[in-house]
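Using the sequences and the hints given, assemble the complete structure.
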Amino acid sequence: MQNKVQVHTTINGEEVDFLCEPRQSLLECLRDNLNQTGTKEGCNDGNCGACTVNLDGRIVTSCLVLGVEAEGRQITTIEGIAKGNQLHPLQRAFLEEAALQCGICTPGFIVAAKALLDHEPNPSEDRIRWWLANNLCRCTGYDKIIRAVQKAAAVLQEAKA
Amino acid sequence: MSTQYNVLGTRPIRHDGADKVTGRAIYGADFHLAGMLHGFVLRSPHAHARIKRIDTSKAAQYPGVKAIVTADDFPQTPDRIVDLGEGPTPLSYARGNVLAKGKVLYQGHAVAGIAAINAHVAEEAAKLIEVEYEPLPCVLTAPDAMKDGAPILHEDLKTTELGEKTDRVSNVSTHFRHVLGNSDERFAKGDLRVFEGEFDTATVHQGYIEPHAATVLWNNDGRVLVWCSTQGAFVVRDVTAVLLDVPVQQVRVTPTEIGGGFGGKIPVYLEPVAALLSKKTGRPVKLLMSRRDVFEGSGPTPGSHIKVKIGVTPEGRIEAAQASLAYEAGAYPGAMVGPGTMCIFAAYDIPNVTIDGYDVVVNKPSTAAYRAPGATNAAFAAETIVDEIAETLGLDPIELRLKNASKEGTRRADGPKFRRIGCIEVLEAMKASAHYNAPLAGPNRGRGIAIGFWFNAGLPSSVNISVTNDGSVNLVEGSTDIGGTRTSIAMQAAEVLGIPVERVNPTVVDTDSVGFTHVTGGSRTTFATGYAAYEAAQDVMRQMKERAAKLMETDAASVTADKGVFTANGKSLTFAEIAAKLDATGGPITGRGAVNPKSAGGSFSGAIADVEVDPETGRTQILRFTSIQDAGKAIHPSYVEGQMQGGSVQGIGWALNEEYYMSDQGRMMNSSLLDYRMPTALDLPMIETIIVEVANPLHPFGVRGVGEANIVPPPAAVANAIYHAKGVRMRRLPMKPSAVMEAIGM
Ligand code: FES
Ligand code: FES
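Sequences listed follow chains A and B, in order.
Heads up: the first sequence runs through residues 0 to 160, numbered per numbering that gives the first Met the number 0.
Heads up: the second sequence runs through residues 0 to 745, numbered per numbering that gives the first Met the number 0.
Fair warning: there could be bad hints in the mix.
[Unchecked claim] For each label pair, taking beta carbons as the anchor points, the in silico distance ranges come out as:
| # | chain 1 | residue 1 | chain 2 | residue 2 | range |
| --- | --- | --- | --- | --- | --- |
| 1 | A | A132 | B | D143 | 50 to 58 Å |
| 2 | B | N5 | A | N121 | 34 to 42 Å |
| 3 | B | E197 | A | D44 | 35 to 43 Å |
[Said to hold, decoys possible] With a cut-off of at most 30 Å between alpha-carbon atoms, the simulated DSSO-like pairs for lysine-lysine come out as follows:
| # | chain 1 | residue 1 | chain 2 | residue 2 |
| --- | --- | --- | --- | --- |
| 4 | A | K150 | A | K82 |
| 5 | B | K146 | B | K102 |
| 6 | B | K279 | B | K126 |
| 7 | B | K126 | A | K3 |
| 8 | A | K3 | B | K562 |
| 9 | B | K188 | B | K157 |
No lab work stands behind these hints, which were simulated from the structure alone.
Heads up, the beta-carbon is just placed ideally off N, CA and C, and yes, glycines get one too.
Right, dumping it as structure tokens:
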């Protein structure tokens with residue numbers, strides 16, 4: 000049994016302390032140590048995007064980040080996208096556009112797409128495809144995911160105007 | 000006359016939607032029980048080896064390890080033939096794939112399971128298990144495995160030759176043949192133009208993003224409780240019971256949400272191992288596959304070697320066809336070659352046909368179904384030859400197909416006659432499509448088309464519906480929901496009940512809580528479980544009419560119902576008003592539906608692909624893609640489109656990139672999602688869809704399952720497009736850049 004390290008971090012706006020082994024990934028810490036299983040594991044080596052979280056404003060694959068690296072950082076996971084009972088426009092658009100089938104890739108796509116829209120309110124189709132190229136979806140063929148992101152962008156723009 | 004529906008054909012938001020966009024939905028790996036142990040499965044590094052000895056003593060001493068199991072921990076029951084949902088198979092093979100006994104037959108073959116306080120400890124301890132192997136020569140492709148003198152996988156496997164059990168020990172488990180007319184004679188007449196080719200397709204994986212996951216508690220009362228990600232909870236229950244030699248009643252399987260399956264989550268891998276570990280420890284045990292385990296230890300779909308010969312009159316009438324299909328079953332018999340042979344010429348009305356099928360074991364993972372299993376390989380071969388015929392005869396490829404298209408009454412070589420099918424309608428829709436009529440200009444560009452068929456499955460399904468006093472209903476079903484079927488099933492119930500679909504609460508329950516329901520596979524869920532929901536709703540309506548009659552003081556026969564309003568003698572009551580008075584009129588209402596359709600009414604699909612081939616690199620870019628499919632009746636059109644788009648893109652991946660890249664020693668060299676290259680968002684255009692609706696006479700709403708046929712034509716369509724771009728006929732999948740470069744002679 001390895002010695003554990005105490006980590007102090009902020010997850011979805013709440014300060015959190017947790018213990019982890021130095022070898023544990025952030026993904027594993029979220030899922031197993033903190034029971035936040037919304038972030039998914041598809042590969043554990045950075046190639047599927049299911050584990051995407053936002054770390055200090057940048058998206059990362061949390062399977063390639065160590066839990067101890069979360070110290071002092073700001074993390075947003077899929078559990079932090081909705082505001083209370085209010086779904087985020089991206090979440091609504093995913094439902095309305097049928098952008099999920101099995102849904103295992105959905106948390107990663109929503110976290111990644113939100114980071115795009117946070118910085119680029121009106122991305123082109125190409126830009127969305129490029130941005131989401133590290134998120135694999137095996138069910139949808141991506142068409143409806145791209146459309147959902149476009150729709151959410153429009154809704155967010157309208158809300159601002 | 001088209002029927003007016005209230006719910007069918009609309010696009011409601013799925014009932015499980017909020018949970019799936021917020022991360023709340025519980026998938027296989029998300030499930031947790033107090034006191035749970037975590038496991039690891041030790042897998043074979045060899046593609047073929049005798050296990051001489053397994054010594055677990057050192058690993059057992061490792062701090063944190065709680066139990067270790069091997070094949071010897073299975074009950075030592077004598078071998079027998081069992082039917083575990085995918086056809087009869089020896090029990091020893093079914094157990095052998097879960098934990099190897101005597102021999103390992105592929106790299107990744109499970110050898111031992113460990114339970115420990117966490118997965119890291121289990122993995123570390125696994126390194127201390129000593130397995131002494133005697134490596135054996137391996138054989139990796141069907142043509143090689145069929146040669147005399149090839150290494151033999153199973154010393155007890157005797158070939159079944161054209162229905163007769165022989166004494167010949169070989170890697171060919173079965174050779175069978177379908178015959179219609181006399182193709183040899185027809186070819187011998189010498190008046191036909193003959194086109195032929197040989198094709199190879201690589202082993203590919205279903206590629207679901209969620210790895211397999213199972214948690215099992217062998218409870219103190221003797222019950223084996225399973226929570227897992229599966230396409231079929233009842234199949235897991237029955238297989239687990241047989242493998243563990245316990246009564247079916249003892250096993251309860253609760254399906255979690257499932258992150259994709261495509262056929263690959265029908266077989267059982269982890270559950271019996273976790274059960275044995277739980278039995279030894281008295282604690283729940285969770286087992287997860289890594290992505291590498293998924294590639295190396297779960298079922299991909301067969302690689303294949305296919306020969307096709309087609310004879311056609313100068314006017315373009317196909318008079319004779321022959322095919323031989325050898326599919327790699329992987330380590331145990333059961334490649335999907337049967338369906339491949341039944342689909343290869345299914346789109347065409349051909350009077351003289353001979354088709355041979357060979358089921359061949361090789362040292363690769365035991366194969367599983369993959370979306371229209373067997374049909375995609377077959378269509379790649381047949382539809383490429385059909386394109387050559389059109390090209391040579393100077394006919395439009397759709398016209399040639401229309402000239403020969405199967406229709407109601409056409410007899411397939413494997414026996415059955417088609418009922419009402421939509422082959423012609425799909426071709427007509429392709430011909431009329433904006434895509435087919437749009438010009439495609441520019442160098443290195445080409446357009447290809449292809450069509451494909453899949454039978455779809457019927458099989459048993461059960462649904463119960465109970466009425467709530469506020470006028471909503473609870474619907475209980477046994478079909479795991481992989482892509483929105485809770486909603487497509489609830490919609491069919493709502494249509495019958497005359498209430499909005501939002502007033503139906505559908506729940507997927509465990510195997511204790513509903514009647515037997517077969518797998519979510521074979522495009523059967525919206526069809527068959529939807530049919531059961533229709534029956535259950537009819538049962539509810541019959542009782543509701545009785546209650547309405549009571550309240551309106553008339554007899555049930557004079558009550559009519561429309562859109563949730565029950566009317567008799569000028570009086571009317573709503574569904575909700577009757578529901579509010581259930582107690583006073585006789586008590587709760589429960590409707591039940593149980594169906595077992597023997598056949599399902601197949602679906603045809605077409606694909607149009609525009610590609611551009613980069614002459615410098617051989618890389619093929621998909622410029623435009625349209626999928627056309629007969630849905631019978633599209634219950635939820637967005638979900639139908641989604642199936643078509645998903646199947647198309649899997650077909651594109653199969654066409655261009657995906658393969659098990661094997662070393663000579665049978666090691667998979669690309670078992671990660673970096674090196675096993677599935678399509679990304681950046682590789683693709685939008686996928687256009689055209690839904691054709693030729694009502695299925697076997698379903699009350701005319702539904703045809705749409706999950707599978709859409710993957711069948713894309714590889715052939717892309718191959719044909721590459722031909723029209725660069726003038727080379729591709730005979731091998733995947734048509735990766737290096738293969739295209741080689742073909743264009745660079
Ligand atoms: S699990 Fe992290 S990228 Fe796949
Ligand atoms: S919806 Fe299943 S992987 Fe994307």
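Hints that the structure is at odds with (numbers, increasing) = 1, 8, 9
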